[in-house]
Structures are given as C-alpha cells and as structure tokens.
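All chains should be modelled from the sequences, with the hints used to inform the complete structure.
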Amino acid sequence: MHMYTDTLFGGNGIVGAQVPVGAGIAFGHKYKGDGKVCIALYGDGAANQGQVFEAYNLAALFKVPCLFTCENNHYGMGTSDVRAAANPLYYTRGDAVPGIKMDGMNILAVREFTKAVTDWMRAGNGPVVAEVETYRYYGHSMSDPGTSYRTRDEVQEVRKTKDPITMVRSMMVEGELATEAELKELDGECRKIVDDATKFARESPELDTHEMFNTIYTDMDGSRIRGSDSMTYGIHSP
Amino acid sequence: SSGINAEYGSEMLCKRLLSKTGGLVSSVRHAAHFTYTPQTPPAHLGETTKLNMFQSINNALDIALGSDDSAVLFGEDVAFGGVFRCSLGLQDKYGASRVFNTPLTEQGIIGFGIGAAAAGSTAIAEIQFADYIFPGFDQLVNEAAKYRYRSGNEYDCGRLTVRAPWGAVGHGALYHSQSPEAYFAHTPGLKIVVPRGPIQAKGLLLSCILDNNPCIFFEPKILYRLAAEEVPLGTYTIPLSQAEIVRQGTDVTMIGWGTVVHVLLEVASMAEEQLGVSCEVIDLQTIAPYDAQTIEASVKKTGKAMVVHEAPLTQGFGAEIAARLQEKCFLHLEAPVQRVAGWDTPFPYIYEPFYLPDKWRCLDTVKKLVDFM
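Going line by line, the protein sequences match chains A and B. Residues in the first sequence are numbered from 1 upward in steps of one, following our numbering. Residues in the second sequence are numbered from 1001 upward in steps of one, following our numbering.
Please note that a few of the clues may not be correct.
[What the hints assert, rightly or not] Each pair of labels, with its calculated beta carbon distance range:
{"id": "1", "chain 1": "A", "residue 1": "D153", "chain 2": "B", "residue 2": "G1089", "range": "22 to 32 Å"}
{"id": "2", "chain 1": "B", "residue 1": "G1089", "chain 2": "A", "residue 2": "A86", "range": "24 to 34 Å"}
{"id": "3", "chain 1": "A", "residue 1": "S237", "chain 2": "B", "residue 2": "K1050", "range": "31 to 41 Å"}
[Said to hold, decoys possible] On the chain B side, residues computed to face chain A include the following (Cβ under 8 Å):
{"id": "4", "residue": "E1076"}
{"id": "5", "residue": "A1341"}
{"id": "6", "residue": "W1343"}
{"id": "7", "residue": "L1363"}
{"id": "8", "residue": "T1365"}
Just so you know, these hints were derived from the structure itself, not from any lab. No residue lacks a Cβ here, since even glycine has one placed at the ideal position from N, Cα and C.
Here's what the structure looks like:
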C-alpha cells in the first residue's frame, strides 16, 4: 500500500478506491494502443464497495483491458468473506464481466492463468474478474491480533498444508530442479537482501521538515503553505 | 533547516527502543502531544465508576440498546467488539439482529442507516474511521441532511446517529487521523458533536441518539484508552448546541473541541505561570449548530480570541468562528482573532509532531494576542 514503481500505481486511502482507477488506467492503455493491461487488485472486504461495481460496468461498456483481481484471503479484517457477501463467489460478482477463479497458493497456476487471461484481454475481448484464493496468517493491522475471529488451529493448518512457498520448494526438490542446499542458500540470499534494505532504511537520515510541504500541488513551487498558526508557513518546493 | 520559519523541539516526542529479539530498532511515539485533564463528574449524577472513553461509549450504547427496543447498532467489525472495543459485549447481550456487521461499504452503511431511521428504528451506524466517511458523503449531505426539508416534514431520518473515530492518534498518517467536521458543518440539517472525554462522550452520545435530527458523533480516538475518569453510572445527557466553559479566565478566550481542549487547558496553566495571563477555555462540544452566545459573551469579556483545531487551517471550522467573532464582537476586540490549526497539507505521517497545533504554538499565539496592543 505504500510502495510505488513505474508499473505499480500504489495504494489508496480506502480499500476499493483503486478499482475505478484501474478501469481508467486500462482505458488509457486501450486509447494509446500500447498493448498493455491493468491489473486492479482488491481484497474480499473491498469487493463489497459500491465503486467496484461501477468500475466493472464502466470497464465492460468501454471494453477495457482491466483484470479485476480479488485476492480472497477469506477475511476482511475481522469479518469472514461469507459473512460479508451474500454471494461469496467473488469471481462471479462482475455479472456481465466474465470471471475466473485461481488457486492463489499455487504459483504456477496463477502464472499460467494470468498469462492466458491477459493475452485474451490484449486481443480486445474486454475486462475479466479474477478471484485468487489465498490466506492471511497475521492480523489485519497492528491493532488486530488475528485470533478473535478465527482459531489458531485454522491458521496453522493452512501454513502446514497450503503455504505457496513450501509448495514450490517441494515441487522443485521432487522434480529435481533444485536441491535443498541450493534452496537454503537462496533463502540466505533473500534474508540478506531484506537485512540490507532494513539497515539502509534505519541508517538513512530523517527527511528534512521542508519535505512536509512538497508535492501537494505541481505548480505551486515557491508559494507559501499556510501553517499551524499565522506566524509559521512553509514553502512549497519540488 | 529551511522551509519552516519557526521550529519546535517536537523530536523529544519520538523515542527509540530495542526490541526483545535484540538488534531490531523501531521508532515509536511514546508520548502524546498533550496531558489529559480528567473532569470532575457532576455531583448530582450520583454514583460513578472509573471508565476510559471507549468504555463510557460502550456504556452509552448499552443504555441506548437497553432502553429502546428499536435501537440497532451496525458497522464494520462491530460484532466482535469493534476495532476500538466500543461495541464489546453488545452483540452477546442484545443479539445479532440488533448488533451486526456490515460489509465494507460506507455509502451503503449510511444509506441503509437513513432508511432504517426513516422506518422508525433508532439507527446507530459506525464508520470505522472518520477518514472513511467520504463514500457516504452524498448520503449524509444530500439525503440525511435534507430529507425532512425536501419532504416538508413528512419524512425524516432524525433517528440516525453516525459515530466515527476522529483525529490524530500519533501514528495514523493520512488516512487514520483526519478531522472532517468542517465538511459536514457546512451542511444545514446535520448535527456534529465532538466530546473531550468519557463523561462528555457518554452524555453527548446519548443526546445524539435521542435527538430527532441526524447526528454525526466524532470520537477522538487518541482518548479511547488514554482518557479515564470517574463517569456517572446512570443515564444522563449533556445538551447539544451548548458550549462549556471548562476553565474560567479574564484575558484570553480559547475555543476548541475534542483532544485540543486538553492542550488548551495545559496552555492556560502555562500562560498563568509564565505570562501572568488568565485564559478562559471553552469546549464547543457541538460544532453545528454551535453555541455562538457563549463564545461571543466570553470574547466580549476578554477582547482576545483564539480558535484551535487539528484540521487544516484553510476553511477549517475556526474560519467560521473567527468570521462570526469579528462580526459580532468587533468593537470589543483588542487583537485580530487568531487560529491555530493543522498545516494546509494532507495529514503527514512522520511530520505529525510538526503538523499538530501543539501547546508551544498555542502559547506563542497567547503571547501574540496579549502583545498586540
């Protein structure tokens, strides 16, 4: 939610707000004819926001290449998917927009399905709703322990039997694509990347306070930002 | 550093701690930017018990559900007690037909609440954070506020009360810290109420629930656990559209609501000690329709006024109060009406200590008022 890259348009304030935005981005791709598609991700909780349905309708009418993807981890914070949706078959919620369900715990399934569906959309067939079935191990946020609405046994069961990374490890070792030792080394490399990134973040100097006034507008550089009282002001700068 | 022409040592509010696993360092704000001043319960309300704000709100909801068979409470995750525990135990006590979860659908929650209220139910709708109230903005402004007016009093949704956690909490950033009262105060037909602590929360919430107009009750989330005091056990209400003079004074009128009232009480003590200035602190309580009489009388007495709120300065509710005071008290004013508010930026994450109208900025404003003439 807090990351942005040149192909990741970031997170949003209220979950679900990104879905109409995704339909718009897909429209942009269609308009520019650049052959790209937009994947608009949201959860089973956000799937019940009204604007999501407005987005489905717009995308279908304008036949835009948007893959509406519901990551169904079965809990919208503390409310389970079946108690939040009269129709919990999230891949059917697009109504006139065709839907497809994927096993989100199987990396190969997701890869193959996504390839096929995005190719289909690139051919001009319009939007698709995908439901990717997955799970959330921890609570929704720091103030949610994650156990007041489900049992610890349930969480551990999923971890034991359906964890996607464990599944890929077994596949690779059984299929003799890698040895346990090689995978362990890979684990170590990944841990190092994370540790280095953490260290960098912690050791980086704190942002200067003038950053508070930047990027509110684009053409207001040099102008005063009214401050907390009539004696203080900031200067908007790039 | 460049960019701010006045700086305050708010870094002291941030501390670092080493976690138990060793080596992990995280920055957590341990100190709130204010000290909570517990209120004394009115003696005539009888027996009291120590409650924090989420407990007093829970108590008010319990009383409402217990005394009114038509009362229902709904919102996201309210069944297990809610993210802030305000509805703890209520589904067990009153059943799932009266206390129930809704999907993630703010526009739907408020529209549904309007319908339930219009059909004769005392509808109490919870919006999980005031920052999320905006999908329901149309329903509140165009439907709830105008139902009675457009139908010539044949229909109304007066039995609707919308509750939402509100304001800065120390780590809420853009979408868990907003104070949106100004948007709604601009809409005739709605009542907007903000309590400063547990005693007020219980009394004002019960008034909102009983009031026959659609009410929005914003609950300062930083006070849910932090604010604890002796709260009367019985049923009592605090009248709407009445401001309360929380501290009497003669030199400067300070007007605020919610968390900021406690900042102002601290500033009033500092002003007394350091400047020999006597400040009158007024808690507006109801933002709309507001008690202009009390604040005008105070400003006519002191001649110097400041309004303080967390919401951004431009077009915050302080702007309305300032306009009114200069209009009604012009010849009594010894200095222009001052406002101390949030910056005109989205509510920042790491810059929160700089963003908030803290006691230092408020004290400087007292000095400015007193030194003006």
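Legend entry - Interface restraint verdict for L1363/B against chain A (beta-carbon cut-off 8 Å): violated (11 Å)
Legend entry - chain A contact restraint on A1341/B - CB to CB distance below 8 Å: holds (6 Å)
Legend entry - Verdict for G1089/B, A86/A (Cβ pair) under range 24 to 34 Å: About 27 Å separates the Cβ atoms of G1089/B and A86/A, which means 24 to 34 Å holds.
Inset, instruction - Grab the minimum C-beta distance from E1076/B to chain A and call the hint holds if it beats 8 Å, violated otherwise. - result: Holds, about 7 Å.
Legend entry - Hinted contact T1365/B with chain A - closest CB pair below 8 Å: holds (5 Å)
Legend entry - Interface hint compliance - W1343/B to chain A, C-beta minimum distance less than 8 Å: holds (5 Å)
Legend entry - Hint check for K1050/B and S237/A - Cβ pair distance inside 31 to 41 Å: Given a distance of about 50 Å, which is not inside 31 to 41 Å, the answer is violated.
Legend entry - D153/A versus G1089/B beta-carbon gap, inside 22 to 32 Å or not: holds (25 Å)
Checked against the numbered hints given earlier, the structure breaks hints 3, 7 and satisfies all the rest.
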